[in-house]
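Enquirer: Sequence:
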Amino acid sequence: MPDIKLFTGNANPELAKLIAQRLYSALGSAEVGRFSDGEISVQINENVRGSDVFIIQSTCAPTNDNLMELVVMVDALRRASAGRITAVIPYFGYARQDRRVRSARVPITAKVVADFLSSVGVDRVLTCDLHAEQIQGFFDVPVDNVFGSPVLLEDMQRRDLDNPVVVSPDIGGVVRARAVAKLLDDSDLAIIDKRRPRANVSQVMHIIGDVKDRDCIIVDDMIDTGGTLCKAAEALKEHGARRVFAYATHPIFSGNAPKNISESVIDEVIVTDTVPLSDAMKATGKVTQLTMSGVMAEAIRRVSNEESISAMFEH
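Its first residue numbered -19, the sequence shown is counted upward by one per residue in my numbering.
Since the hints were made in silico from the structure, they are not lab data.
Here the structure is a predicted model, which is why all the values come from computation and not from measurement.
Watch out, some of these pointers could steer you wrong.
Here are the computed distance ranges between Cβ atoms for each label pair [as the list claims (entries may be wrong)]:
| id | residue 1 | residue 2 | range |
| --- | --- | --- | --- |
| 1 | V155 | S98 | 41 to 47 Å |
| 2 | E(-6) | D193 | 35 to 41 Å |
| 3 | R29 | N236 | 34 to 40 Å |
| 4 | I151 | G117 | 18 to 24 Å |
| 5 | R281 | G13 | 28 to 34 Å |
| 6 | G30 | G189 | 27 to 33 Å |
| 7 | D95 | E26 | 28 to 34 Å |
| 8 | G189 | E11 | 52 to 58 Å |
| 9 | E287 | R29 | 34 to 40 Å |
In this text, a Cβ means the ideal position worked out from N, Cα and C, and glycines have one as well.
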């Protein structure tokens, strides 16, 4: 294996430590902080000349701070003559701003971020469950998008589920839900049809599929405020669902998410550690967090060894 060096910013140091442990490595020495006026301060404290460097940094909240930490670290490592720099971004912020809706006068910020990272010298990007896979095409460098489904599926399979049905929270998530249903002993599929009058507000309309007296598994790539999820769970229970479990890779949990989740009829929410959980979310008692460290570590190993990433997900 080439000389791998792992570094992390302040976005998700716990996940970075777990990834390093899986690779039988240690995190590189770097000081990532702030100057007195709030500007990002970075200093690399070890030799990286010619090394295969991986920077582990989700661009979750505070999104702009974490993004700037990442790009400034890339610049510092590039100027220190790193051989290759891979930005490992378990959660890619701004991914939902991937198109102009109804030709409105709005930016495509996901493209702006991609250009930003490319311009500072990132050689490739490794991310997880991109909200829109076409974002890979926004970059001028290779992008590997790995999936959280193996980690989530393993948890589903260990549970004593009663006649499970996999539920897509909207029409757009049907492909993801169908893939999970197929792997979960070819389970049935249900779809929630909803209308969203404004951002972060959704209204559940009706259920397509049979959920009566069954354990329902809602699958999505992320949970933000939890409004959609909680109303979906309520609709499922009203239609006779026995239990409702929600699975998502990215636990954004912004705004009123702690209150929404704790007061909902959801039996349990299962997420990964691409984004750290706040104390308020932990206090709900309804959230279980799995780790993506194994998947991310194996992907890093394969990238470094020039091995196939897609082979990790061949079933």
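Enquirer: If a hint holds in the structure, say so; if it does not, say that too.
Expert: Here is what the structure says about each hint:
{"no.": "1", "hint": "V155 to S98: 41 to 47 Å", "verdict": "violated, 28 Å"}
{"no.": "2", "hint": "E(-6) to D193: 35 to 41 Å", "verdict": "holds, 40 Å"}
{"no.": "3", "hint": "R29 to N236: 34 to 40 Å", "verdict": "violated, 49 Å"}
{"no.": "4", "hint": "I151 to G117: 18 to 24 Å", "verdict": "holds, 23 Å"}
{"no.": "5", "hint": "R281 to G13: 28 to 34 Å", "verdict": "holds, 30 Å"}
{"no.": "6", "hint": "G30 to G189: 27 to 33 Å", "verdict": "violated, 55 Å"}
{"no.": "7", "hint": "D95 to E26: 28 to 34 Å", "verdict": "holds, 30 Å"}
{"no.": "8", "hint": "G189 to E11: 52 to 58 Å", "verdict": "holds, 53 Å"}
{"no.": "9", "hint": "E287 to R29: 34 to 40 Å", "verdict": "violated, 25 Å"}
Violation of the numbered hints given earlier is confined to hints 1, 3, 6 and 9; the remaining hints are satisfied by the structure.
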